[in-house]
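Taking the hints into account, I'd like the entire structure generated from these sequences.
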Amino acid sequence: MAEKLTNQIRHLRRGFTDMTQQRLADAVGCTRQTIIALEQEKYNPSLILAMKITEALGRKIEEVFMIESESE
Amino acid sequence: MMSKQMKQAFVRMILWSLVFVFFLAIFLSGDTLATWGDNTRKTIMVAALFLAGFGGDAVLGVIYRKKKGKISKDERDDYIEKRAVSAGFIVTLVYVYLLAITLYTKNETSGFVPVAWLWFLAYSLICVANISVTAFSVFFYRKGGQ
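First to last, the sequence lines map onto chains A and B.
Here the first sequence stands for residues 2 to 73, where the numbers follow my numbering.
Here the second sequence stands for residues 335 to 480, where the numbers follow my numbering.
Hints are computed from structural coordinates only; laboratory data are not their basis.
Keep in mind that the hints are not guaranteed to be accurate.
Claimed, not checked - Here are some chain B residues pointing at chain A (derived, C-beta under 8 Å): (1) I405; (2) S458; (3) K477.
Stated by the list, open to error - Distance condition first, Cα-Cα at most 16 Å in a straight line; then the derived EDC-like pairs of lysine to aspartate or glutamate: (4) A:K5 / A:E42; (5) A:K53 / B:E409; (6) B:K407 / A:E42; (7) B:K341 / B:D372; (8) B:K401 / A:D27; (9) B:K338 / B:E409; (10) B:K341 / B:E415; (11) A:K53 / A:E64; (12) A:K43 / B:E409; (13) B:K477 / A:E69; (14) B:K404 / A:D27; (15) A:K53 / A:E69; (16) A:K5 / A:E56; (17) A:K53 / A:D27; (18) B:K402 / A:D27; (19) A:K5 / A:E71; (20) B:K376 / B:D365; (21) B:K477 / A:E42; (22) B:K338 / B:D391; (23) B:K400 / A:D27.
Unchecked claim - To give an idea of the interface, some chain B residues facing chain A are shown, with a C-beta separation under 10 Å as derived from the structure: (24) M336; (25) R399; (26) K401; (27) D411; (28) Y413; (29) I424; (30) T426; (31) W453.
Beta carbons: idealized from backbone N, C-alpha and C, even for Gly.
Quick look at the structure:
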């Protein structure tokens with residue numbers, strides 16, 4: 002059974018903070034393309050980037066990132 | 335939308351593909367292989383072609399250099415670059431192995447390999463390495479990074 006990292010970045014960014022992708026990228030020190038890849042769950046961030054994103058969104062890490070099991 | 339790093343990889347891929355095509359055209363035309371040692375004109379043409387390739391790389395480096403206060407490269411770019419270099423390294427190894435073994439098989443009976451083929455191997459592996467690394471970069475960027 003494989004495990005996948007999922008996230009609520011898009012939902013939290015738009016629903017609660019009304020932050021643009023560029024603003025979030027600038028706040029955490031990455032490119033907008035990386036935020037897009039993260040929201041599409043095509044890239045797993047480093048722990049440092051994940052912590053910066055949760056801080057920028059004002060949430061706890063478990064509210065933003067979660068591990069999902071997927072059967073192969 | 336292409337990121338700055340992806341654009342740079344894409345342009346580099348086009349640049350080195352062009353260098354490779356022109357290199358093949360120069361090297362494999364006429365009797366270049368037989369007369370390589372005495373053919374100063376073609377030697378200079380190939381040297382100029384590679385100078386143009388590396389010069390183009392330098393120009394791209396200046397065009398896509400980091401602007402003050404702007405984030406143009408992050409951990410995902412580094413991750414993609416590492417994966418592309420690893421994959422490109424394997425492609426280059428396989429290319430050198432296959433070309434060397436082909437030259438050996440073709441020239442086994444005569445007992446010697448024309449020196450021009452060694453120059454061909456040396457020049458072409460620069461192109462193959464650059465094209466494969468940049469092509470893998472573009473591929474991994476299109477996949478999103480993971």
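So, going through the hints one by one against the coordinates:
1. I405: holds, 6 Å
2. S458: Since the shortest Cβ distance to chain A is 33 Å, the answer is violated.
3. K477: holds, 7 Å
4. A:K5 / A:E42: Holds, at about 9 Å.
5. A:K53 / B:E409: holds, 13 Å
6. B:K407 / A:E42: Distance ~19 Å between K407 of chain B and E42 of chain A Cα, so the pair is violated.
7. B:K341 / B:D372: violated, 41 Å
8. B:K401 / A:D27: Roughly 14 Å separates the two Cα atoms, so the pair holds.
9. B:K338 / B:E409: Distance ~14 Å between K338 of chain B and E409 of chain B Cα, so the pair holds.
10. B:K341 / B:E415: Between K341 of chain B and E415 of chain B the Cα gap is close to 13 Å, so the pair holds against 16 Å.
11. A:K53 / A:E64: holds, 14 Å
12. A:K43 / B:E409: Since the Cα atoms of K43 of chain A and E409 of chain B sit roughly 14 Å apart, the hinted pair holds (cutoff 16 Å).
13. B:K477 / A:E69: It is violated: about 21 Å lies between the C-alpha atoms, which goes past 16 Å.
14. B:K404 / A:D27: holds, 9 Å
15. A:K53 / A:E69: violated, 21 Å
16. A:K5 / A:E56: violated, 22 Å
17. A:K53 / A:D27: Holds - the C-alpha atoms of D27 of chain A and K53 of chain A are around 11 Å apart, at most 16 Å.
18. B:K402 / A:D27: holds, 13 Å
19. A:K5 / A:E71: Roughly 7 Å between the alpha carbons, so the hint for K5 of chain A and E71 of chain A holds.
20. B:K376 / B:D365: Roughly 11 Å between the alpha carbons, so the hint for K376 of chain B and D365 of chain B holds.
21. B:K477 / A:E42: holds, 11 Å
22. B:K338 / B:D391: holds, 15 Å
23. B:K400 / A:D27: At roughly 15 Å apart (the allowed maximum being 16 Å), D27 of chain A and K400 of chain B satisfy the hint.
24. M336: holds, 8 Å
25. R399: Not OK, violated: R399 of chain B not within 10 Å of chain A, min 15 Å.
26. K401: violated, 13 Å
27. D411: holds, 7 Å
28. Y413: holds, 8 Å
29. I424: violated, 23 Å
30. T426: violated, 26 Å
31. W453: violated, 41 Å
Of the numbered hints stated above, those contradicted by the structure are hints 2, 6, 7, 13, 15, 16, 25, 26, 29, 30, 31, listed in ascending order.
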